[in-house]
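Chain by chain, the residues run as shown.
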Amino acid sequence: AKVSGVFARIGFQAATDEEALGFAECDDLDYDYRQGMRMDGVQTDDTGGEPDRGGMVEGDSHYQRDGAGPRGSQANTGTCEELGAQDKQKITAWEAGWNVTNAIQGMFVLGLPYAILHGGYLGLFLIIFAAVVCCYTGKILIACLYEENEDGERVRVRDSYVDIANACCAPRFPALGGHVVNVAQIIELVMTCILYVVVSGNLMYNSFPSLPISQKAWSVIATSALVPCAFLKSLKSVSKFSLLCSLAHFVINVLVLAYCLSRAHDWAWEKVKFYIDVKKFPISIGIIVFSYTSQIFLPSLEGNMQKPSEFHCMMEWTHIAACVLKGLFALVAYLTWADATKEVITDNLPGGIRAWVNIFLVAKALLSYPLPFFAAVEVLEKSLFQDEGRALFPNCYGSGGQLKSWGLGLRIALVIFTLLMAIFVPHFALLMGLTGSLTGAGLCFLLPSLFHLRLLWRKLLWHQVFFDVSIFVIGGVCSISGFIHSIEGLIEAFKYNIHD
Amino acid sequence: MELIRFRTLDSVGVFLCFLWLLSKVLSEQEVENLSGLSANPDKDIFVVRENGTTCLMAEFALITEQATLALPRGAEIEGKCGNTDAELYVSWMNNAYTFRIYFSKEKRTVGSDGKEKETEIWKINKVQLVYDTSESSHFINAYNPGKHTASTHRLSALVTPAGRSYVCTAQQTLTLLSSDHQKGITISMSDIQIQPFDIKSDFVFSEPYKCMTDQREQLEETLPLVLGLILGLIIVITVTIYHFHLKLTAPQSQLPRDRSLYKNIFL
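Chains as they are written, first to last, in full-length UniProt numbering: chain V, 1 to 500; chain A, 1 to 267.
Calculated directly from the structure, the hints in this document are not laboratory data.
Hints may be right or wrong, so weigh each one.
What the hints assert, rightly or not - If the Cβ cut is set under 10 angstroms, some of the chain V residues that face chain A in the computed set are:
| no. | residue |
| --- | --- |
| 1 | 214 |
| 2 | 216 |
| 3 | 218 |
| 4 | 219 |
| 5 | 224 |
| 6 | 230 |
| 7 | 231 |
| 8 | 403 |
| 9 | 405 |
| 10 | 408 |
| 11 | 416 |
| 12 | 423 |
To be verified - Derived DSBU-like pairs: lysine-lysine, alpha-carbon spacing no greater than 35 angstroms straight-line:
| no. | chain 1 | residue 1 | chain 2 | residue 2 |
| --- | --- | --- | --- | --- |
| 13 | A | 117 | A | 107 |
| 14 | A | 107 | A | 210 |
| 15 | V | 495 | V | 280 |
| 16 | A | 126 | A | 107 |
| 17 | V | 236 | V | 139 |
| 18 | V | 495 | A | 210 |
| 19 | V | 240 | V | 342 |
| 20 | A | 105 | A | 123 |
| 21 | V | 382 | V | 233 |
| 22 | A | 247 | V | 382 |
| 23 | A | 183 | V | 342 |
| 24 | V | 495 | A | 43 |
| 25 | V | 240 | A | 247 |
| 26 | A | 126 | A | 80 |
| 27 | A | 247 | V | 236 |
| 28 | A | 107 | A | 43 |
| 29 | V | 404 | A | 247 |
| 30 | V | 307 | V | 240 |
| 31 | A | 247 | V | 90 |
| 32 | A | 210 | A | 123 |
| 33 | V | 404 | V | 307 |
| 34 | A | 115 | A | 210 |
| 35 | V | 280 | V | 342 |
| 36 | A | 247 | V | 233 |
| 37 | V | 307 | V | 382 |
What the hints assert, rightly or not - Listed next, the stretches of chain A that the computed footprint assigns to chain V, with coverage defined by at least 3 CB atoms under 8 angstroms from CB atoms of chain V:
| no. | segment |
| --- | --- |
| 38 | 218 to 229 |
| 39 | 235 to 242 |
Beta carbons: idealized from backbone N, C-alpha and C, even for Gly.
Construct the entire structure; sequences and hints are all you get.
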């Protein structure tokens, strides 16, 4: 048995290239045991969940290393035994769709009519164009996770954004890419969480000005509702929150659209401009373009789907839906108020509807929080809390897959950290614009196209290369312009504060 | 003889002068402008003294919205103190502008559930501003040059329990109607501390009574801290409960923890 096990291992290593090192998370002893036993035709309980495969050569996407998603919640200890149990926790394509919708239809939809005010038809075009580009970059990012093996089948060799980055920098700097992507991801995710706390505090404060509760107090109240997020264990429960969030967003859309349609006779069709306001439009570009950022979540989502082949379909439909809803909302709201459109469209609404829209917006902000929080926790756990000295700290999970109590404490500490940042950092929206134009643009436009070119260079057709390069360039331009405007805005805001 | 008479007359005259001065000093109200003492550069302190002791003290910063008139330093102050009524007059620019505040003290019955309590309160019942539109430094091409008076109608502001001083850092706005074509003039007072009655000792305010806005702001500022403490308490309790829950329901491990034992079993 041992000899055949050795041969099996050699055969396996010959069949795949050095990416197989990624598989090495399986315990060596475990592996020997399983391969040896399988060659003898003995099925054991431990591998009962996995279908009877010829062994080790091709995986289908079921044979995945532990990494993101529900495996994070179960024993993240590197044994392959739990893989069979993963199928229970996998999410359907619909649930993945709700998560993506949560990410791309965010709070910034309220600023879109203002963008149309300053951008006219170009703004509308940009909404559609950004959806197409982001759908494309999402797909190429997931394409980077797969490699074709010798039999021509696609094998999922990498599991997360960090792995892709590491593979790209592989020869000379095997860990640098991963570190950069880790830092960018954590910043982006934590800033998103903080933004939701700030927005819910602000909305509540504006809805009830007669109560003696200040914005800070409302943020504390909102955070106390968000503390249970620390108990989230799987992407399935996060998907439920995303579903509710999408419903709330839909209700908001319906309310505002219905009100605008009731004033349809007043619409100012002639006021949609063909030219753009050069000073104010770049900020709107930022709002439009960076609102489609869902790429951070995609590797983890795709890895947890029951049928990853449905991924492309899901991406297309969610982006089409987002594009149509956003475009319609922006256009109709602009036509109703034309030149009087304010920066946040809820300021234009009359009192009664505004109160209801505010309530749903707060609900939406609170329900959107679990997704980036869960993703941030995953990224932190994978990079900082692993077993046996692979990372700085010991594993957060015990042997039964239970979260240790200090792990829970750390998660709650992250929630409190987002609260403290929300309370004490001034001009948070501007700061978010600043980091968004760096990390958001990087993770959504620059890095996917770069990695796609680097990893799949030999297999790309000319038009794909052209798309990748142009996306990289456009993304770079948007990023730089967004960065410059955010810096200008911050400097002005601080000057105003100092003089005040 | 003439010398003696002259000296007597002189001394009588001097003595009479002295008496007259003394009486003036004793009965005259001293008004002092101690504005140099305040920390806020726009704030002025006005004190009316009678019989050698302070009877009315006020400090505030005054601005008028329309003509950006502000009380300059060194304005002239006059005042009248009484048991139930008090007045404060501030004039500047050679009486081109005068700002007058009238205070009154009264008894109020606060009735609730059949029990009626009588409390004494004081308040401002009238504010007047006299301005001269022919004065060139603030008015250009005035429509109706001359002195006009703007006063409030049926005002009841700064209601405070008797024996206490009124404190308000927030801005209080009053609207005055002018005799000049009923024009409306808004004046704002901020950083106020006023006591027109029952000042116990010289230049010392009695116990302060905060205005509603200040009380609310104080509440608004302490509320986040209180809520934060409650949240922290809830979190500590939750983590402790979770910790003990884990300890109590720890699963029995079936497989040997140490994988080297595995090897011995099967190989």
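Results for each hint:
{"no.": "1", "hint": "214", "verdict": "holds (4 angstroms)"}
{"no.": "2", "hint": "216", "verdict": "holds (4 angstroms)"}
{"no.": "3", "hint": "218", "verdict": "holds (9 angstroms)"}
{"no.": "4", "hint": "219", "verdict": "holds (8 angstroms)"}
{"no.": "5", "hint": "224", "verdict": "holds (5 angstroms)"}
{"no.": "6", "hint": "230", "verdict": "holds (9 angstroms)"}
{"no.": "7", "hint": "231", "verdict": "holds (9 angstroms)"}
{"no.": "8", "hint": "403", "verdict": "holds (8 angstroms)"}
{"no.": "9", "hint": "405", "verdict": "holds (4 angstroms)"}
{"no.": "10", "hint": "408", "verdict": "holds (6 angstroms)"}
{"no.": "11", "hint": "416", "verdict": "holds (7 angstroms)"}
{"no.": "12", "hint": "423", "verdict": "holds (7 angstroms)"}
{"no.": "13", "hint": "A:117 with A:107", "verdict": "holds (10 angstroms)"}
{"no.": "14", "hint": "A:107 with A:210", "verdict": "holds (20 angstroms)"}
{"no.": "15", "hint": "V:495 with V:280", "verdict": "holds (20 angstroms)"}
{"no.": "16", "hint": "A:126 with A:107", "verdict": "holds (18 angstroms)"}
{"no.": "17", "hint": "V:236 with V:139", "verdict": "holds (22 angstroms)"}
{"no.": "18", "hint": "V:495 with A:210", "verdict": "holds (33 angstroms)"}
{"no.": "19", "hint": "V:240 with V:342", "verdict": "holds (33 angstroms)"}
{"no.": "20", "hint": "A:105 with A:123", "verdict": "holds (6 angstroms)"}
{"no.": "21", "hint": "V:382 with V:233", "verdict": "holds (15 angstroms)"}
{"no.": "22", "hint": "A:247 with V:382", "verdict": "holds (25 angstroms)"}
{"no.": "23", "hint": "A:183 with V:342", "verdict": "holds (34 angstroms)"}
{"no.": "24", "hint": "V:495 with A:43", "verdict": "holds (26 angstroms)"}
{"no.": "25", "hint": "V:240 with A:247", "verdict": "holds (30 angstroms)"}
{"no.": "26", "hint": "A:126 with A:80", "verdict": "holds (14 angstroms)"}
{"no.": "27", "hint": "A:247 with V:236", "verdict": "holds (27 angstroms)"}
{"no.": "28", "hint": "A:107 with A:43", "verdict": "holds (31 angstroms)"}
{"no.": "29", "hint": "V:404 with A:247", "verdict": "holds (10 angstroms)"}
{"no.": "30", "hint": "V:307 with V:240", "verdict": "holds (19 angstroms)"}
{"no.": "31", "hint": "A:247 with V:90", "verdict": "holds (29 angstroms)"}
{"no.": "32", "hint": "A:210 with A:123", "verdict": "holds (14 angstroms)"}
{"no.": "33", "hint": "V:404 with V:307", "verdict": "holds (32 angstroms)"}
{"no.": "34", "hint": "A:115 with A:210", "verdict": "holds (26 angstroms)"}
{"no.": "35", "hint": "V:280 with V:342", "verdict": "holds (13 angstroms)"}
{"no.": "36", "hint": "A:247 with V:233", "verdict": "holds (19 angstroms)"}
{"no.": "37", "hint": "V:307 with V:382", "verdict": "holds (24 angstroms)"}
{"no.": "38", "hint": "218 to 229", "verdict": "holds (count 7)"}
{"no.": "39", "hint": "235 to 242", "verdict": "holds (count 4)"}
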